[in-house]
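> All chains, full assembly: derive it from the sequences and hints.
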Amino acid sequence: MQAGTLSTFLKRGAIWGFIVLELIFFSVAGEFLSLSDKAFMDAGNMLLLLKQTAPLGIIAMGMTIIMINGNIDLSVGATFALCAIVLLDSLTWPIFAGLGDGVIPVAWALALLTGIALGALNGLIVWKTGVDAFIVTLGSMLGYRGLVFMYNGEQPTSHLNWTLVDFAEAQWLGLHTATWFLLFVTVAIWFLMNRTVHGRNAYAIGDNRTAAVNAGIRVGPHMMINFMIIGFLAALSAVVFYSESGSVNPNDGELYELWVITAVVLGGTKLTGGSGSIISTFGGVLAIQLLRKGLAHIGTNTETVNLVIGLILIAVLFLDRQLNLKGKEELKV
Amino acid sequence: MIDRAPVLRLEHIVKTFPGVRALDDVSLSVLPGEVHALMGENGAGKSTLMKVLGGIYQPDAGQIVVDEKPVVMASPLEAKARGIVFIHQELSLAGELTVAENIYLGELPRKRFGLVDWDTLYSRTDAILEKLKVGFDARTLVGSLSIANQQMVEIARALTVDARAVIFDEPTASLTDAEKVVLFDVIEDLKAHGVGIIYISHRMEEIFRITDRITVLRDGTHQGTVNTAETDEEAVTQLMIGRKLDLSRNVSHHEIGDVALEVRGLSCGHLFKDISFEVYRGEVVGFYGLVGAGRTEIAETLFGLRDPSDGKILLDGKEVRIASPAEAIARGISLVPEDRKGQGLILGMNCRDNITLPQIDDLKAGPFVDEGSEIAIFDKYRDRLDIRTPGWKQLVGNLSGGNQQKIVIGKWLAMHPSVLILDEPTRGIDVGSKSEIHNLIRELAAQGYAVIVISSEMPEVLHVSDRIIAMYCGRIMRTFTSDEVNEENLIQAISGIGTENGNSTA
Numbered sequence: 001m002q003a004g005t006l007s008t009f010l011k012r013g014a015i016w017g018f019i020v021l022e023l024i025f026f027s028v029a030g031e032f033l034s035l036s037d038k039a040f041m042d043a044g045n046m047l048l049l050l051k052q053t054a055p056l057g058i059i060a061m062g063m064t065i066i067m068i069n070g071n072i073d074l075s076v077g078a079t080f081a082l083c084a085i086v087l088l089d090s091l092t093w094p095i096f097a098g099l100g101d102g103v104i105p106v107a108w109a110l111a112l113l114t115g116i117a118l119g120a121l122n123g124l125i126v127w128k129t130g131v132d133a134f135i136v137t138l139g140s141m142l143g144y145r146g147l148v149f150m151y152n153g154e155q156p157t158s159h160l161n162w163t164l165v166d167f168a169e170a171q172w173l174g175l176h177t178a179t180w181f182l183l184f185v186t187v188a189i190w191f192l193m194n195r196t197v198h199g200r201n202a203y204a205i206g207d208n209r210t211a212a213v214n215a216g217i218r219v220g221p222h223m224m225i226n227f228m229i230i231g232f233l234a235a236l237s238a239v240v241f242y243s244e245s246g247s248v249n250p251n252d253g254e255l256y257e258l259w260v261i262t263a264v265v266l267g268g269t270k271l272t273g274g275s276g277s278i279i280s281t282f283g284g285v286l287a288i289q290l291l292r293k294g295l296a297h298i299g300t301n302t303e304t305v306n307l308v309i310g311l312i313l314i315a316v317l318f319l320d321r322q323l324n325l326k327g328k329e330e331l332k333v
Numbered sequence: 001m002i003d004r005a006p007v008l009r010l011e012h013i014v015k016t017f018p019g020v021r022a023l024d025d026v027s028l029s030v031l032p033g034e035v036h037a038l039m040g041e042n043g044a045g046k047s048t049l050m051k052v053l054g055g056i057y058q059p060d061a062g063q064i065v066v067d068e069k070p071v072v073m074a075s076p077l078e079a080k081a082r083g084i085v086f087i088h089q090e091l092s093l094a095g096e097l098t099v100a101e102n103i104y105l106g107e108l109p110r111k112r113f114g115l116v117d118w119d120t121l122y123s124r125t126d127a128i129l130e131k132l133k134v135g136f137d138a139r140t141l142v143g144s145l146s147i148a149n150q151q152m153v154e155i156a157r158a159l160t161v162d163a164r165a166v167i168f169d170e171p172t173a174s175l176t177d178a179e180k181v182v183l184f185d186v187i188e189d190l191k192a193h194g195v196g197i198i199y200i201s202h203r204m205e206e207i208f209r210i211t212d213r214i215t216v217l218r219d220g221t222h223q224g225t226v227n228t229a230e231t232d233e234e235a236v237t238q239l240m241i242g243r244k245l246d247l248s249r250n251v252s253h254h255e256i257g258d259v260a261l262e263v264r265g266l267s268c269g270h271l272f273k274d275i276s277f278e279v280y281r282g283e284v285v286g287f288y289g290l291v292g293a294g295r296t297e298i299a300e301t302l303f304g305l306r307d308p309s310d311g312k313i314l315l316d317g318k319e320v321r322i323a324s325p326a327e328a329i330a331r332g333i334s335l336v337p338e339d340r341k342g343q344g345l346i347l348g349m350n351c352r353d354n355i356t357l358p359q360i361d362d363l364k365a366g367p368f369v370d371e372g373s374e375i376a377i378f379d380k381y382r383d384r385l386d387i388r389t390p391g392w393k394q395l396v397g398n399l400s401g402g403n404q405q406k407i408v409i410g411k412w413l414a415m416h417p418s419v420l421i422l423d424e425p426t427r428g429i430d431v432g433s434k435s436e437i438h439n440l441i442r443e444l445a446a447q448g449y450a451v452i453v454i455s456s457e458m459p460e461v462l463h464v465s466d467r468i469i470a471m472y473c474g475r476i477m478r479t480f481t482s483d484e485v486n487e488e489n490l491i492q493a494i495s496g497i498g499t500e501n502g503n504s505t506a
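Which chain is which? The protein sequence lines are U and V, in order.
Residue numbers for the first sequence follow full-length UniProt numbering, beginning at 1 and rising by one.
Residue numbers for the second sequence follow full-length UniProt numbering, beginning at 1 and rising by one.
Keep in mind that the hints were calculated from the coordinates and are not lab data.
From a predicted model like this one, the values you see are computed outputs, not experimental measurements.
Any given hint could turn out to be false.
[As the list claims (entries may be wrong)] Below, computed lysine-lysine pairings styled on BS3-like, alpha-carbon distance capped at 25 Å:
#: 1; chain 1: V; residue 1: Lys380; chain 2: V; residue 2: Lys341
#: 2; chain 1: V; residue 1: Lys393; chain 2: U; residue 2: Lys270
#: 3; chain 1: U; residue 1: Lys270; chain 2: V; residue 2: Lys341
Put into structure tokens, the structure is as follows:
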């Protein structure tokens, strides 16, 4: 066996082992603790779980490539809310009144373009000023959220388009529309990161920026493209979710950035960049959603759920660190 | 001079590392009030000896005697407690803290409840600074001081313990002439207080100006200790080299082509000034000098990592401006950097991806990377450079230093450059791979590449170069042809002895 294969396997496989553990635990515990008669692993329940995973999952794919690239994006929650407003509000704009249901693709496009533009702005600032992405997107998180509140004050923005609702609630081959979007995004991002020049260079920049520059890679444009992708995905997530719900509160999407980062980190992507896997991020979002749903299933109240997820995150990362220590000769820092 | 008991004696020290006898029966004694120079080429064992003294390495045999008492230096802390103080070449100060806080870092005077006793801290510090006659006070932020003054802070730190011996490691490497004078005054002052001083430097002029005795190491052995007043530069150089040109200089004779790279009056701030040279196709030009002589900075400028403040770069006779590595690569300049792991490789990536990194943009099949042609390129350079790896999937982080370096070289050969710059191409590489890389460098020249080799190892530059450019403090001191160079005149040129002869070429 090639050196490092076992530890790679442990790292890659760990999240799926964790998911299996969760399934077993909640199925067994559910037998004794659950108030409902339905089994936890009921097919309908699992399909619903996938659908509920979609909003965070779609953004998490973007966060994975941002983090592999060595950056972070804290503004995704605010971008999500702002794009949702653009979607719902543009459906009612008088200039599109003559389009009938033809307004739907126009509204979608507007929301997605907004996401791309907001991401591009983040990327451009990070590229041109050289300020750390953490700081830049901390600022834009506040700024974009400010725009959300400027738009409609504390009032929710609502519009229900029944054609859209039907589309969002549809099931094809058993899977909901949102699930299909998540799967499609996962596959597309996987190809992007594993088969294209952009993906290869993003890994290289995140792993060793100096060496990447020395190889003639232009770091800035790659970072900007990644920010545009995550902006687009935050918008796509909003579009998928709000097509169905039809109403956005100005506080919607708050803390999304943290949930998304939690899922990505749980999937094994390094905060320092250069390493991470799209498939494992998929596992990470599933694991978190399973945990929330499972804990609810066995009657845990909401406050406790967050506490448990927090503890598990730290425990998992501690375990990961122990597995990855190269040996006792490593510097104590 | 033997009328006083030495403050410090290292007796018959032996230290071996796997495969290397780094120190073989080395002895050194330092008298109170003496400045004792420790000299030798890179790799002669100076640092190893000092690490033994500092408690970082334990010797395999021999003993350390401080004030006539044999001691075991179990740790750096113990060395400090016994009054052995090191002033390192690389300063280790916290720039955002005051001078006083840096000096007493880790042992700040305290009041009740663990509060810092600022009054005592500042008054103690000012007392020390007064002794050193420096122009700043205890409350100054270290980050705002010049390098020389930061060195003074390190020295002040040394004075907080009752120093018996102070070791200076290349202290003048980053000092201006005026700053050196201040440093030498401090050393005189330490001498006057009976402190023993070990002074490590390559710079002959300084050695002869301030030291009392000189000990020379070569290949881990003690070559002799002489009184400075009774010797001269030539004799010391002879001791350091120990042999008269017993190295076969492997300058195979092949056709030298046209000028590939021409540099005229290139300057970059204080890093290097008025650099002019040219490199012909089929030629290896070696750059030799001390650390900090500006060689790496010239390479970085040619590769677009630094903007020159003055001067011209010409490729194939045409003046070019190189603003980024991407442009340098596009114009056919490649750089194998000094720090292989930090600057040259993506350690978390496999061998194939590292080799094709600069050119994957040209290896596309539709939207995706054409992995087939990537593997073909990897196979070609694995065979050509004899890279030993189980396969292209191996992460470069798991390869040996020699094979890692071959990956970096292979990466650039795959780009078919016209000018190849190698900065310390064999640093940290085992002997076998080293000679393979040397042969490769000669071979590349024979194939018509214009090659620049920067090295701090004299045998290496002598071995591979057709011409050698000797640098000292950011300037070209002399350009040697392979016929006129010898170890003696080369050492003298890079130590700042002799006349400036910047533009002479073969």
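> Straight-line Cα separation of lysine 380 of chain V and lysine 341 of chain V no greater than 25 Å?
Satisfied, since the Cα-Cα distance of roughly 23 Å is no more than 25 Å.
> Has the given pair, lysine 393 of chain V with lysine 270 of chain U, been kept, meaning a C-alpha gap of at most 25 Å?
holds (21 Å)
> Does lysine 270 of chain U pair with lysine 341 of chain V here, judged by a C-alpha cut-off of 25 Å?
Status holds; Cα separation ~19 Å.
Violated hints for the displayed structure: none, as all numbered hints are satisfied.
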